[in-house]
Structures are given as structure tokens and as C-alpha cells.
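J.: The listed protein sequences correspond, in order, to chains R and V. The letter at position 5 of the first sequence is residue 4 when you use numbering that gives the first Met the number 0, and the numbering goes up by one with no holes. The letter at position 279 of the second sequence is residue 278 when you use numbering that gives the first Met the number 0, and the numbering goes up by one with no holes.
Among the clues, some could well be false.
Here are the simulated lysine to any residue pairs, SDA-like style, with alpha carbons at most 20 Å apart [said to hold, decoys possible]:
| hint | chain 1 | residue 1 | chain 2 | residue 2 |
| --- | --- | --- | --- | --- |
| 1 | V | K80 | R | R50 |
| 2 | V | K268 | R | L55 |
| 3 | V | K309 | R | P49 |
| 4 | V | K80 | R | G13 |
| 5 | V | K245 | R | R50 |
| 6 | V | K309 | R | N48 |
| 7 | V | K244 | R | R50 |
| 8 | V | K309 | R | D51 |
| 9 | R | K45 | V | H314 |
| 10 | R | K45 | V | G165 |
| 11 | V | K309 | R | E41 |
| 12 | R | K45 | V | K309 |
| 13 | R | K35 | V | K309 |
| 14 | R | K35 | V | T125 |
| 15 | R | K35 | V | K245 |
| 16 | R | K35 | V | L85 |
| 17 | V | K309 | R | N46 |
Derived from the structure by calculation, the hints contain no laboratory data.
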Amino acid sequence: MPKITLDPITRIEGHLAVELQTNGTNAVTGALSQGKMFRGFELILKNRNPRDAVILTQRICGV
Amino acid sequence: MIISRRQFLKYCTVAAGAIGLTATDLLKLENALAVNGALPVIWINGQSCTGCTVSLANTVYYATIQDLLLFGAPADSINLKVSETLMASMSTQATQQADLTSSAFVLAVEGAIPTPDGYCTVGSYTGAATENMSDVVTYLGTHANCAAILAIGTCASYGGIPGAAGNVTGAKGVLECLGPAYKKKIACIPGCPPNPNWIVGSIAYMLANNYKFPQLDNLRRPNAFYPGRLCNSCSRFGNNFIDYKKPDDIGNPALTDYCLKKVGCKGSKTKSDCPTKQWHSPGASVDGVNWCVGAGAPCQGCTQNSFPDKMSPFHYIR
Chain R
0 MPKITLDPIT RIEGHLAVEL QTNGTNAVTG ALSQGKMFRG FELILKNRNP
50 RDAVILTQRI CGV
Chain V
0 MIISRRQFLK YCTVAAGAIG LTATDLLKLE NALAVNGALP VIWINGQSCT
50 GCTVSLANTV YYATIQDLLL FGAPADSINL KVSETLMASM STQATQQADL
100 TSSAFVLAVE GAIPTPDGYC TVGSYTGAAT ENMSDVVTYL GTHANCAAIL
150 AIGTCASYGG IPGAAGNVTG AKGVLECLGP AYKKKIACIP GCPPNPNWIV
200 GSIAYMLANN YKFPQLDNLR RPNAFYPGRL CNSCSRFGNN FIDYKKPDDI
250 GNPALTDYCL KKVGCKGSKT KSDCPTKQWH SPGASVDGVN WCVGAGAPCQ
300 GCTQNSFPDK MSPFHYIR
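From just these sequences and the hints, can you work out the full model?
T.: Right under this line is the structure:
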């Protein structure tokens, strides 16, 4: 069944790809979405002064 | 009444459905909205939080975002050909525009670039099914038509928080990603986020000077916006200290001009124009209304290449 891949999705914060599975005619039969970026804040926070956590995690999202 | 780009595009998208306008035509509309003859800018995001784009969208002092993108004179505007956060078209319509790199453009990079591959991928600028952000930065940054590269924000400049100790993604700034051969082509506008003035002011200088960078310091930052250590221009320098040994002083409204060095302010190690030009400018050419230290928060040193690891701990309490 034909697939439509949309990568990147725009007008959002972050990186997202969507793959639509269609029946070839007029219907979407399945959809998979994929986050395309990883930073690992939990790992970065380890072994730090706990009071730094607020300062660092606030940068997870800038919107 | 100025109609916002968002409103206009919303009408268009709704109308497009009604009159059968395709995604390709929407892109043509986008291009038509862009100012003719304006400097093309390709803005790509790596491991970013999008704070730099949001900061840009709030520009007021040098130009509003609508003037910068839509209504300004061509010599004062940019043609933002790609911005994953702001543009209407998506997928390969956005990233494989036919004339994307056919004439001179400026590459703006926001967010860090991970190595090894796989931690930040996008489909695609070169025509492959999907590619790593490092491939995109290399493809666009080393392109013959790339006139200059702006590393926007501390992440793109020096790695920033994604590149902090403990990260497994090998996050790097653009300088490190492209290497010393491209150093002269890259200017850094660090900050977490950078003040919109620093971004727009640097672009304005380049527009007025044939894409040349303003004078840069040893970290490739424009001297005009990162003139010296904060203490040099801070109104609290030399005053008494707020001290963690006297916890009742912290937040005491009577002590509004006390120096914050002993509670963690990194202003003595940080360069920017925050104490004078400040933040949240209320109008064209009007200085901002406040800044971190002015609001009682010790400076985090976010414009430095040592942010965040060597600026930690951010607050001293004992």
C-alpha cells in the first residue's frame, strides 16, 4: 500500500516525521510518527548540583 | 491594520482547500509574500529548543519580525527561505525547493549538532531519504553559494547545554562541526537565548555591508553586542553584596541594587550588553525594560563557551 512520508513537519517546535499508510485510493489506513531528535537531559543532569536542574531543564523548550 | 503572516496564511490555507490550491502553490504564495530582492536566509535547527527562533520572532528594537520578513524595504529584509518553525510548506516542499541554493544565501544554524550520527535527523535537503544534521550543515555550509554562516545561540556556537558534561550525543557547535577551514565563514551569536537585538543587529550590519561580518572577538562574537564583562557596565558593581550567609537579605526588596556576585552571578566572567541594552525592548530603538540581574537573578553566563559546565553551580547558597 502506498506510503506518504512527511519529513519534516513544519510549524511545530522540534523535529517530527510522519509516515502515512494509505489504501491507494482515498483513505489513510495507518500512521506512524517519529521524533527525530534526542538530547538526553536526564543524563546531562546526573552528578550535578540539584539546584542547577531548574536552570538546565528550562532549556528543554524555548517556546 | 497590519495583517499578520499567520492570519494571511490561515486564510490562504482555508481558501486553498476551497479553490484547490496545491502545496506547491502555497509555496509560491510564501515566496511571493517574501520581499523581492531580500537576502535569502536558510535557518536550520539541530538539537535546539527553538528559543532562538522565538527570540528572533520577538524582535522590536532594530525591526519588527513582520518588517524583517514581509514589509520592510528589500535592503532591510531577509527572505527566510527555510524555517521549520515558521514556514507553511512542509516536508520536501520545504527542504528541496528548486531555487533554495541557486543564489547567494546566508546559513543560520540554531541548536547543537550531534556526533555520532542518528541523534538528529531530517528528511532531506540533498535528496537522500533522510540525513543527519551534520550532513545538512556540511552540505549547506560548504555550498559554493553559502555567503556566510551564523551560529545562532550558544548551542550552535559552542555546543551549549546539549553538549554539556554527561551528554551521550557528542553535541557540537558549528565551529567544531565544520572545522578550522571554515572558521572565517562563521560568526557566533551566542546567548541562551540570544537577545533578538544581537541577531537582527548582526543581520542588519551584514545587509548594509555586502554580507560582511561586523568586527568579531576571539570567540567569533560581534564586539558591538558582546562589548565586555558585565561588571564593566553593571550599575551594581562596587555596591554591597547580597550574601547567602544572611539569608534574610535574599529577595529583600530594600536591597535592589546590591551586587549578586556572592550568590552566584557570573557577570565577571561573561561578556554581553545586557546591563545597558537590557531585554524586552518596548519599541523601536528603545532599550529594554529589565535584565536578569536587574530582576534579582544572578547572571548564568549564557553567552560564554564555558556555559553551562563552568558556570555551574548557578546559585551559591553555602
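J.: Please go over all the hints and tell whether each is borne out by the structure.
T.: Results of checking the hints against the structure:
Using a Cα cut-off of 20 Å, the hinted pair V:K80 and R:R50 is violated, with the two alpha carbons roughly 41 Å apart. Note on V:K268 and R:L55: the hinted pairing holds, with a Cα-Cα distance of about 19 Å set against a maximum of 20 Å. With a C-alpha separation of about 16 Å, the suggested pair V:K309 and R:P49 falls inside the 20 Å cut-off, and the hint holds. Taken as a hint, the V:K80 and R:G13 pair is honoured in the structure, with Cα atoms around 18 Å apart against an allowance of 20 Å.
Distance restraint check for V:K245 and R:R50: the Cα-Cα separation of roughly 19 Å lies within the 20 Å cut-off, and the hinted pair is therefore satisfied. Proposed proximity of V:K309 and R:N48 is supported: the alpha carbons are some 12 Å apart, at most 20 Å. Taking the CA atoms of V:K244 and R:R50, the gap is about 17 Å. The hint holds against a cut of 20 Å. Taken as a hint, the V:K309 and R:D51 pair is honoured in the structure, with Cα atoms around 12 Å apart against an allowance of 20 Å.
About 17 Å separates the Cα atoms of R:K45 and V:H314, which keeps this hinted pair within 20 Å; it holds. Note on R:K45 and V:G165: the hinted pairing holds, with a Cα-Cα distance of about 7 Å set against a maximum of 20 Å. For a cut-off of 20 Å, the pair hint linking V:K309 to R:E41 stands: about 19 Å separates their Cα positions. Between R:K45 and V:K309 the alpha-carbon distance is near 16 Å, which keeps this suggested pair within the 20 Å criterion.
Only pairs whose Cα atoms come within 20 Å are accepted, and R:K35 paired with V:K309 is rejected, the gap being roughly 29 Å. About 17 Å separates the Cα atoms of R:K35 and V:T125, which keeps this hinted pair within 20 Å; it holds. Distance restraint check for R:K35 and V:K245: the Cα-Cα separation of roughly 48 Å exceeds the 20 Å cut-off, and the hinted pair is therefore not satisfied. Distance restraint check for R:K35 and V:L85: the Cα-Cα separation of roughly 18 Å lies within the 20 Å cut-off, and the hinted pair is therefore satisfied.
Between V:K309 and R:N46 the CA atoms are separated by roughly 14 Å; this keeps the pair inside 20 Å, and the hint holds.
Figure legend: structure checked against the earlier numbered hints; hints not met, in rising order: 1, 13 and 15.
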